[in-house]
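Generate the whole structure from the sequences, applying the supplied hints.
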Amino acid sequence: AQTVTQSQPEMSVQEAETVTLSCTYDTSENNYYLFWYKQPPSRQMILVIRQEAYKQQNATENRFSVNFQKAAKSFSLKISDSQLGDTAMYFCAFRVRTSGSRLTFGEGTQLTVNP
Amino acid sequence: DVKVTQSSRYLVKRTGEKVFLECVQDMDHENMFWYRQDPGLGLRLIYFSYDVKMKEKGDIPEGYSVSREKKERFSLILESASTNQTSMYLCASSSYRNANTGELFFGEGSRLTVL
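Chains A and B, in that order, give the protein sequences. If you count the first sequence from 1, position 97 lands on 494 in my numbering, and the numbers rise without skipping. If you count the second sequence from 1, position 49 lands on 631 in my numbering, and the numbers rise without skipping.
Worth flagging that the hints you see were computed from the coordinates, not collected in a lab. Keep in mind that a hint or two might mislead.
As the list claims (entries may be wrong) - Here are the computed lysine to aspartate or glutamate pairs in the DMTMM-like style, where the Cα-Cα straight-line distance is at most 25 Å: (1) A:Lys452 with B:Glu685; (2) B:Lys585 with A:Asp483; (3) A:Lys470 with B:Glu685; (4) A:Lys475 with B:Glu685.
The structure is reproduced here in structure tokens:
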């Protein structure tokens with residue numbers, strides 16, 4: 398069974414600064430995907446960024462980037478130039494390549510961006 | 583844009599009542615999911631469906647059932663609601679076409695309170 402752990406229930410950052418959210422996972426699989434989802438207050442959860450395990454290069458989407466350490470089973474999210482609209486709950490998620498779209502989620506990290 | 587619509591944002595029910603949570607997606611997605619979101623526990627998969635009339639148990643199916651009579655609609659049923667089913671329920675869908683990414687599209691959630 399796969400598990401995903403986010404050890405930071407809450408974090409805060411000042412606007413325009415950089416923040417890193419941590420995620421670790423445990424699996425015996427070799428082919429899998431990792432995701433970060435964002436859930437703004439009272440709004441739908443949306444995909445922020447994804448990483449294929451077979452790719453060594455870290456994924457980047459504008460101000461969002463990941464630090465994927467496969468051997469350490471670590472998948473952190475870095476948000477640069479934080480904006481007030483980044484305030485949200487962030488979930489790390491994992492999917493085995495052969496499991497269809499079935500995702501396993503972490504506990505979530507509530508990020509608050511302060512003006 | 584993909585739209586996943588959950589019929590009720592907020593519901594209050596009494597212990598023992600039968601509860602229906604409805605979810606409709608408009609993008610012809612094959613896969614549909616019901617998750618439960620609780621603080622500190624993240625999202626946990628209740629049931630999912632890969633096709634009409636097909637269903638599979640997730641990680642916490644006890645006390646729940648589902649129905650998928652049409653491709654666009656996936657219903658979650660609480661046969662006899664209990665207070666420990668007070669939670670946020672999230673519906674999601676995905677397509678075989680994004681099988682490589684497994685991206686899920688979420689509804690806004692239904693917050694259920696059982697008294």
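Quick one, are Lys470 of chain A and Glu685 of chain B close enough, alpha carbons at most 25 Å? holds (21 Å)
Compare the distance between the alpha carbons of Lys452 of chain A and Glu685 of chain B with 25 Å, and conclude whether the hinted pair is satisfied. holds (18 Å)
CA of Lys475 of chain A to CA of Glu685 of chain B, is that 25 Å or under? holds (20 Å)
Are Lys585 of chain B and Asp483 of chain A close enough, with their CA atoms no more than 25 Å apart? Between Lys585 of chain B and Asp483 of chain A the Cα gap is close to 22 Å, so the pair holds against 25 Å.
In terms of the numbered hints stated before, the structure departs from none.
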